[in-house]
Amino acid sequence: MCNDPSRSSYADHLYKPSFAGFIDIDILETGGKIPLRTLIDHSMVESFGGHIRMSILSRVYPMQAVSNKARLYVFNHGESDIKVTHLNAYDMRSAKISTDIDQY
Numbered sequence: 001m002c003n004d005p006s007r008s009s010y011a012d013h014l015y016k017p018s019f020a021g022f023i024d025i026d027i028l029e030t031g032g033k034i035p036l037r038t039l040i041d042h043s044m045v046e047s048f049g050g051h052i053r054m055s056i057l058s059r060v061y062p063m064q065a066v067s068n069k070a071r072l073y074v075f076n077h078g079e080s081d082i083k084v085t086h087l088n089a090y091d092m093r094s095a096k097i098s099t100d101i102d103q104y
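1 is the number of the first residue of the sequence shown in full-length UniProt numbering; add one for each residue after it.
These aren't lab readings, by the way, just hints derived from the structure by calculation.
All values reported here derive from a predicted model rather than from experimental measurement.
One or more of the hints may lead you astray.
Derived BS3-like pairs (lysine-lysine); straight-line CA-CA distance at most 25 Å [said to hold, decoys possible]:
no.: 1; residue 1: 69; residue 2: 83
no.: 2; residue 1: 83; residue 2: 33
no.: 3; residue 1: 16; residue 2: 69
Here are the in silico distance ranges between beta carbons for each label pair [what the hints assert, rightly or not]:
no.: 4; residue 1: 41; residue 2: 98; range: 17 to 23 Å
no.: 5; residue 1: 34; residue 2: 59; range: 22 to 28 Å
no.: 6; residue 1: 97; residue 2: 28; range: 46 to 52 Å
no.: 7; residue 1: 86; residue 2: 29; range: 17 to 23 Å
no.: 8; residue 1: 55; residue 2: 12; range: 25 to 31 Å
no.: 9; residue 1: 14; residue 2: 101; range: 31 to 37 Å
no.: 10; residue 1: 22; residue 2: 85; range: 20 to 26 Å
No residue lacks a Cβ here, since even glycine has one placed at the ideal position from N, Cα and C.
Produce the complete structure using the sequences and hints provided.
Written out as structure tokens, the structure reads:
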């Protein structure tokens, strides 16, 4: 599993390394399926693969791909073909931040 933030921003001065990890899964046992869940907000992309056996978190700094212009790309550089069987996207609500100290 890999997280490649290289296309996450057009700004040149940002540190945008790729992160990767291996998931040890018996493909025959799972029916050829590997679950992947990716959570995206304004400055982070976090991916969970193989029933949370692998997690990768990256900071991103988009300048133009915000709101309905944001995109998620799934790619495969492995030895076998893959197929995305379903993909769901949900809007996240804004955080409710309280500055009232008496509340705590």
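Going down the list of hints, with the structure as the test:
1. 69 <-> 83: 24 Å, holds
2. 83 <-> 33: Holds: residue 83 and residue 33 sit about 9 Å apart, inside 25 Å.
3. 16 <-> 69: At roughly 20 Å apart (the allowed maximum being 25 Å), residue 69 and residue 16 satisfy the hint.
4. 41 <-> 98: 17 to 23 Å: This hint holds: roughly 19 Å between Cβ atoms.
5. 34 <-> 59: 22 to 28 Å: 25 Å, holds
6. 97 <-> 28: 46 to 52 Å: 47 Å, holds
7. 86 <-> 29: 17 to 23 Å: Because 20 Å falls inside the window, the suggested range holds.
8. 55 <-> 12: 25 to 31 Å: 28 Å, holds
9. 14 <-> 101: 31 to 37 Å: 35 Å, holds
10. 22 <-> 85: 20 to 26 Å: 22 Å, holds
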